Amino acid sequence: MLKVENINKSFKEKEVLKDISFEIKKNSIVGLLGPNGAGKTTLMRIIVGFYSASNGKILWDGKKVDTRSEKHKSRIGYLPENNPLYMNLTGGEYLEYISELKQISKEEIKEEIFKVAQQCGIQNVLSQQIETLSKGYKQRVGLAAALLGDPKILILDEPTSGLDPNQIIEIRDLIKGLSKNKMILISTHILPEAREICERLIIINRGEIALNEETKKIKNLEKKFVELTA
Amino acid sequence: MKNIITIAKKEWRNYFSSPVGYVFAGLLLVVVNWLFFSNFFIGGQADLNPYWSNFSLILSLFVPAISMNLIAEEKKNSTWEVLLSLPINEKELVLGKFLGCALYLLFTILLSLPVIITVYVLGKPDVGLIIGGFVGILLLSLSYLSVGIFVSSLSNQAIVGFLGSSVILLVNSLMGQEILLSRVPSFAKDFIGGLSVNFRSANFSSGAISIGDLVFFISWIIIFITLTIISLKSRNK
Ligand SMILES: Nc1ncnc2c1ncn2[C@@H]1O[C@H](COP(=O)(O)OP(=O)(O)OP(=O)(O)O)[C@@H](O)[C@H]1O
Ligand SMILES: [Mg+2]
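Read top to bottom, the protein sequences are chains G and L.
Using this note's numbering, the first residue of the first sequence is number 1, and each one after it goes up by one.
Using this note's numbering, the first residue of the second sequence is number 1, and each one after it goes up by one.
It should be emphasised that the hints constitute simulated quantities derived from the structure, not laboratory data.
The model shown is predicted, which means the values in this text are computed figures rather than measured ones.
Yeah, the Cβ is synthetic: ideal placement off N, Cα and C, and Gly gets one too.
Some hints here could point you the wrong way.
[Claimed, not checked] Label-pair ranges, simulated between beta-carbon atoms: (1) G:23 x L:111: 57 to 67 Å; (2) G:230 x L:163: 26 to 36 Å; (3) L:236 x G:119: 49 to 59 Å; (4) G:189 x L:163: 33 to 43 Å; (5) L:27 x G:27: 29 to 39 Å; (6) L:9 x G:220: 35 to 45 Å; (7) L:9 x G:118: 25 to 35 Å.
[As the list claims (entries may be wrong)] Covered stretches of chain G, going by a simulated chain L footprint (3 or more residues, C-beta under 8 Å): (8) 62-73; (9) 89-102; (10) 199-213.
Please model the entire structure based on the sequences and the hints provided.
Below is the structure:
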């Protein structure tokens, strides 16, 4: 179980996150909602160790973790906002590079790439240069990279942003299917999407948690969202 | 160690995956040799000193050009966010990039070997001097590279990396030139000259290889690599 405890984050004088606490249980998907600039990306960056918190801690199975340690990072698959990729590589080369850095052994790399490529439906484009892929396929490559090495925690920052409705549904179904044996934290601006795939929803407003509730207990999400973040 | 090699390999391949890497290497070779031979036939002497000093001057533009993107581009495209979420640390990232670029640099410098051999055949200069000059230029280029990677880590703009490190390197090489040194009081002369990478490297090509110079180069490289690592680590301030 991943636990976030009293996380605060300031950049210089600016307080971006205030006392954020929540947890993600095994086999569950938690949705992170909130207006632009609420602090979703910053929170995710803290969990993956890209930023360090000004205060507070991250716990794994009850023990405090150093988010910059290799041990913590190897539990995590991260798809950052805007899906950064090396445009001059092919999908296959990219996945190979990430596999190597994830310390997947040489013998297993091929098999592992085959597995995630199949999951994400990109087997046929692995030899294509990433730059030439459509946005939806780029997104799949990014997601496939996050899945390499079968990480226990997936942190996905707006994985469906900018995709067409069909792609959104496909990626959404894919993510839903991943939740077995994993904990997933996903941020999105699409409320129906959050409603459909997440067991629990957290709304952040101006760096503070405004709501943390089981999805099925929330009656009218749209209305609630507007109320809490207006 | 494995991570360092993985990153170095990618960096190395980067230079050869587009024509840019070849064009740069070719350009360096042509310019350096043209400058050398235009002197060589005038002087009529098989003296390699002008060759090395031209070489180091050109490297102070060449190294910034090949290193300006090392980290700036990762920042600009946010790919460093992916990298640093993987089980690798800033030190491995910086050392891997440094190593990959250093190997490319070594490759371009080795391309100058035929020239040296020609000079050797024609003029029979001292072998010790050739080796000294060669080691000097290698150490100089690695020192330049450590500055290049550091400046590249300071922004996400390649052009800032290029201008920043070429200015630093040109000023530093000026610090080792007689033009400047003849104008400073004598007590400061050794100190200022001693801080110049060029000045130290010239000692090598004139055959005076000293532990002091070696220590200087190694400390220089370690300092700038450490600064780069610190710059990457302080990303969230
Ligand atoms: N490195 C930084 N330095 C200074 N301020 C920052 C930095 N990163 C984020 N911020 C600020 O923190 C706040 C939260 O930003 P963040 O990107 O986390 O929001 P978000 O919820 O992901 O927004 P969006 O929905 O637009 O992606 C913003 O006001 C932003 O300007
Ligand atoms: Mg965001």
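Right, here's what the structure says about each hint:
1. For the pair residue 23 of chain G and residue 111 of chain L, the supplied restraint of 57 to 67 Å holds, since their beta-carbon distance comes to about 59 Å.
2. For the pair residue 230 of chain G and residue 163 of chain L, the beta carbons lie near 47 Å from each other, so the given range of 26 to 36 Å is not met.
3. About 32 Å separates the C-beta atoms of residue 236 of chain L and residue 119 of chain G, a value inconsistent with the hinted range of 49 to 59 Å.
4. With their beta carbons about 39 Å apart, residue 189 of chain G and residue 163 of chain L fall inside the hinted range of 33 to 43 Å.
5. Between residue 27 of chain L and residue 27 of chain G the beta carbon distance is about 58 Å. The supplied range of 29 to 39 Å is therefore violated.
6. Between residue 9 of chain L and residue 220 of chain G the CB atoms are about 54 Å apart, so this pair departs from the stated range of 35 to 45 Å.
7. Checked against the given bound of 25 to 35 Å, the beta carbons of residue 9 of chain L and residue 118 of chain G, roughly 27 Å apart, stay inside it.
8. With 4 residues having a Cβ less than 8 Å from any Cβ of chain L, the stretch 62-73 of chain G passes the three-residue criterion, so the hint holds.
9. Counting residues of the stretch 89-102 of chain G whose C-beta lies closer than 8 Å to any C-beta of chain L gives 5; at least three are required, and the coverage claim holds.
10. With 0 residues carrying a beta carbon less than 8 Å from a beta carbon of chain L, the stretch 199-213 of chain G misses the three-residue requirement, and the given coverage is violated.
In this structure, the hints that do not hold are numbers 2, 3, 5, 6 and 10, in rising order.
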